[in-house]
Amino acid sequence: MSFIFALLAMVLAPTTYTLPQSLHWISDAGHGVPVGAYHVMLRGKDSDACGQVYRRKFADGFTYPWHVNGVYGIYTVIQGTLVIGFDKNHNKAAEKVLPTGAVMQGLTSEPHYGRAIGETIFDVYVPCKK
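Quick note on the numbering used here: the sequence shown kicks off at 141 and runs consecutively.
Check before you lean on any hint, since a few could be wrong.
[Said to hold, decoys possible] Ranges between beta-carbon positions, derived for each pair:
| no. | residue 1 | residue 2 | range |
| --- | --- | --- | --- |
| 1 | H230 | V175 | 14 to 22 angstroms |
| 2 | S249 | G172 | 18 to 26 angstroms |
| 3 | H164 | I257 | 20 to 28 angstroms |
| 4 | L152 | Q219 | 30 to 38 angstroms |
| 5 | D227 | G184 | 31 to 39 angstroms |
| 6 | L152 | E250 | 21 to 29 angstroms |
The set of hints was computed from the structure by calculation and includes no laboratory data.
The beta carbon of each residue, even a glycine, is placed where N, CA and C say it ideally should be.
From just these sequences and the hints, can you work out the full model?
What follows is the structure in structure tokens.
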């Protein structure tokens with residue numbers, strides 16, 4: 141019975157629209173992250189197990205420090221160029237360059253850094269496991 145109510149809630153949920161000018165960017169600075177990275181939650185909450193959609197923004201030239209995400213994500217670059225590096229010493233031969241329109245899936249357990257060429261904006265969708 142609760143499945144039916146959940147299904148009805150999804151079907152009857154109103155359509156939402158998010159315009160760029162209505163976004164309220166939150167700085168990621170602190171805890172080892174320098175100034176220049178921002179995010180906004182488009183869907184869900186940080187505490188949700190899955191299903192969230194984040195929009196991320198890196199300032200031109202920004203480098204996000206070496207880290208592991210720990211969750212599977214689908215990344216879509218909507219502005220600028222996102223560079224993902226897989227060498228702790230930032231060897232350019234170990235980088236993947238993702239221009240506007242590129243889609244990347246994964247980054248669950250691979251250590252990496254990210255950097256921006258131009259102001260770079262990308263969406264991250266964290267799907268639920270089936």
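Against the structure, the hints come out as follows:
no.: 1; hint: H230 - V175: 14 to 22 angstroms; in the structure: holds, 19 angstroms
no.: 2; hint: S249 - G172: 18 to 26 angstroms; in the structure: holds, 19 angstroms
no.: 3; hint: H164 - I257: 20 to 28 angstroms; in the structure: holds, 25 angstroms
no.: 4; hint: L152 - Q219: 30 to 38 angstroms; in the structure: holds, 34 angstroms
no.: 5; hint: D227 - G184: 31 to 39 angstroms; in the structure: holds, 32 angstroms
no.: 6; hint: L152 - E250: 21 to 29 angstroms; in the structure: violated, 40 angstroms
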